[in-house]
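Peer 1: Sequence:
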Amino acid sequence: MKVKFRYLYQLLLSHTTVLIIAFLILGTLFSHYVENLVYENKVEELSSYGDKILSDLERPSPRRPLYLEEYSNLLQARDIDLITFNRKGEVSYSRGGVYPQIELSKEEWNKIERGETVPLKKDFGRFNQAVSLVIMPRVINDQLVGGLILISPISGTREMLTEINQYLLYIVLLALAISVLISLLLSKLHVKRIQRMREATSRVSSGNYDVHVPSSNFDEIGDLAADFNEMVTKLKLSKEEIDALENRRRQFMADVSHELRTPLTTIRGVIEGIRNDMIPEEQKEKSFGLVSQETMRLIRLVNENLDYEKIRSNQITITKVTVQLLDVFEVIKDQLDFQAEEKGNEIRIHADPNAKVHADYDRLIQILINITKNSIQFTNGGTITLNGSSSDQETMIEIHDTGIGMNPAEIKSIWRRFYKADLSRTNNPYGEFGLGLSIVKQLVLMHEGTIDVFSEKGNGTRFLIRLPL
1 MKVKFRYLYQ
11 LLLSHTTVLI
21 IAFLILGTLF
31 SHYVENLVYE
41 NKVEELSSYG
51 DKILSDLERP
61 SPRRPLYLEE
71 YSNLLQARDI
81 DLITFNRKGE
91 VSYSRGGVYP
101 QIELSKEEWN
111 KIERGETVPL
121 KKDFGRFNQA
131 VSLVIMPRVI
141 NDQLVGGLIL
151 ISPISGTREM
161 LTEINQYLLY
171 IVLLALAISV
181 LISLLLSKLH
191 VKRIQRMREA
201 TSRVSSGNYD
211 VHVPSSNFDE
221 IGDLAADFNE
231 MVTKLKLSKE
241 EIDALENRRR
251 QFMADVSHEL
261 RTPLTTIRGV
271 IEGIRNDMIP
281 EEQKEKSFGL
291 VSQETMRLIR
301 LVNENLDYEK
311 IRSNQITITK
321 VTVQLLDVFE
331 VIKDQLDFQA
341 EEKGNEIRIH
351 ADPNAKVHAD
361 YDRLIQILIN
371 ITKNSIQFTN
381 GGTITLNGSS
391 SDQETMIEIH
401 DTGIGMNPAE
411 IKSIWRRFYK
421 ADLSRTNNPY
431 GEFGLGLSIV
441 KQLVLMHEGT
451 IDVFSEKGNG
461 TRFLIRLPL
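Heads up, the sequence shown is in the UniProt record's numbering, so the first residue is 1 and it goes up one at a time.
These are computed hints drawn from the structure, not numbers from a lab.
One should not assume that every hint holds.
[Claimed, not checked] The calculated DSS-like cross-link candidates involving lysine-lysine, where the alpha carbons are at most 27 Å apart (straight line), are:
{"no.": "1", "residue 1": "Lys441", "residue 2": "Lys373"}
{"no.": "2", "residue 1": "Lys333", "residue 2": "Lys457"}
{"no.": "3", "residue 1": "Lys441", "residue 2": "Lys320"}
{"no.": "4", "residue 1": "Lys373", "residue 2": "Lys239"}
{"no.": "5", "residue 1": "Lys52", "residue 2": "Lys111"}
{"no.": "6", "residue 1": "Lys111", "residue 2": "Lys121"}
{"no.": "7", "residue 1": "Lys121", "residue 2": "Lys52"}
{"no.": "8", "residue 1": "Lys441", "residue 2": "Lys239"}
{"no.": "9", "residue 1": "Lys310", "residue 2": "Lys457"}
{"no.": "10", "residue 1": "Lys284", "residue 2": "Lys343"}
{"no.": "11", "residue 1": "Lys373", "residue 2": "Lys343"}
{"no.": "12", "residue 1": "Lys88", "residue 2": "Lys52"}
{"no.": "13", "residue 1": "Lys234", "residue 2": "Lys343"}
{"no.": "14", "residue 1": "Lys121", "residue 2": "Lys106"}
{"no.": "15", "residue 1": "Lys412", "residue 2": "Lys373"}
A quick note: this is a predicted structure, and the numbers were derived from the prediction, not measured.
Take these sequences, add in the hints, and give me the full structure.
Peer 2: Take a look at the structure:
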């Protein structure tokens, strides 16, 4: 079984370890600094006494032999021993004739011969502790004639350092306790924020995208929370798009099945009727015409669907040319006049003779044919008008009919594939917009243009296309 070491304890342990190491280093450095400072002060004190004694010894006076005894008594009161030595390093004076054995290295003796003061730390049995001593040479005419040694135990210094270290330990323990408490609070805060993200991640993984984690720019966890929220938002949008695509796919399959079933059922019925001699001879020609009409409808549906998929996936190339807009309108009128007259409609065209349009000619004809056919389909005994104008920046094309019109809900739906109008509002047997308007919108967008529709029930419909020049 794998044992988990909780993140809270990891943070707490790491913070505490760093603090302890830091305090140990600082405490050691501080103790060493204080010890050196006290030692340097003691050496400076002994050196000042030694300078005074040496200067008095240089002055001629009948009392000079008494100087050493007087200074020795004075220094003894300060727990300082005075020893003098001759040029050979032999002790020439020591209070009570008792003096410690001092061993100097060759380098230290060379310094004394050069007239340099030598401070030392030594452990002497007489003092039963470490002492500070200063060896100060006496030089006359650049010749070593002797010198003196001042010795002082550093027991007071050690006691002071011990006391300082005790206070330092108390401060370190107090600071460590406060630091651990603060570290614990911060660690719990961080762990709580991470747990919130973990819970949010679990909810997202279960399919719930309505999740928001509080975020801030205070630290990296806040940035991570902001990135997490952005990711969830994108996942939610992606999920909605996938659901919408799936719904559209299902709707498309249902629409295609319905669109294909109707003409196939008609064709099958006619064929079965002819095979079983159920259709009179005088009705057969009409039945053949119905079969031909439904067959052409099937071909149109298949071709439109293939065309739409090519357009939607950008598999067609738009080759733009500049043509006279009025010429385009005349082509539309010539092609659809007969179909319009069958329903008692009239196609009218109006355009400035100088108006031009910059577009793919075949695709522009396809756009206008589709819109005009839909206008004819939903207009009875009315007019379909094509108006056009152009400026330096764009060409505007308007197709207006006096048909049945649409309500706002229908306006939003006409761009869907296989959308059907309300059959009760038209005498068209199919009442369909089919793929035509879906293709129209895609083609207009591929021309970097816009298409808008304006309509009211009973007041006709107006399509407005804007294409850049």
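Peer 1: Take a quick look at whether Lys284 and Lys343 sit within 27 Å of each other, Cα to Cα.
Peer 2: holds (25 Å)
Peer 1: Going straight from one Cα to the other, do Lys412 and Lys373 come out at no more than 27 Å?
Peer 2: holds (19 Å)
Peer 1: Would the hint linking Lys333 and Lys457 be met if the CA-CA limit is 27 Å?
Peer 2: holds (26 Å)
Peer 1: Against the 27 Å threshold, does the CA-CA distance of Lys111 and Lys121 hold or violate the hint?
Peer 2: holds (16 Å)
Peer 1: Regarding the pair Lys52 and Lys111, is the alpha-carbon distance no greater than 27 Å?
Peer 2: holds (21 Å)
Peer 1: Given the hint that Lys441 pairs with Lys239, does the C-alpha gap stay at or below 27 Å?
Peer 2: holds (26 Å)
Peer 1: Lys373 and Lys239 were given as a pair; does the straight-line alpha-carbon distance stay at or below 27 Å?
Peer 2: violated (37 Å)
Peer 1: Lys441 and Lys320 were given as a pair; does the straight-line alpha-carbon distance stay at or below 27 Å?
Peer 2: With a Cα-Cα distance of about 17 Å, the restraint between Lys441 and Lys320 holds, given a limit of 27 Å.
Peer 1: Does the alpha-carbon distance linking Lys234 and Lys343 stay inside the 27 Å limit?
Peer 2: violated (51 Å)
Peer 1: Is Lys88 within 27 Å of Lys52, Cα to Cα?
Peer 2: holds (23 Å)
Peer 1: With a cut-off of 27 Å on the C-alpha distance, tell me whether Lys310 and Lys457 pass.
Peer 2: Violated: Lys310 and Lys457 sit about 34 Å apart, past 27 Å.
Peer 1: Within 27 Å, alpha carbon to alpha carbon, are Lys121 and Lys52?
Peer 2: holds (22 Å)
The structure does not agree with the numbered hints 4, 9, 13 stated previously, though it agrees with the rest.
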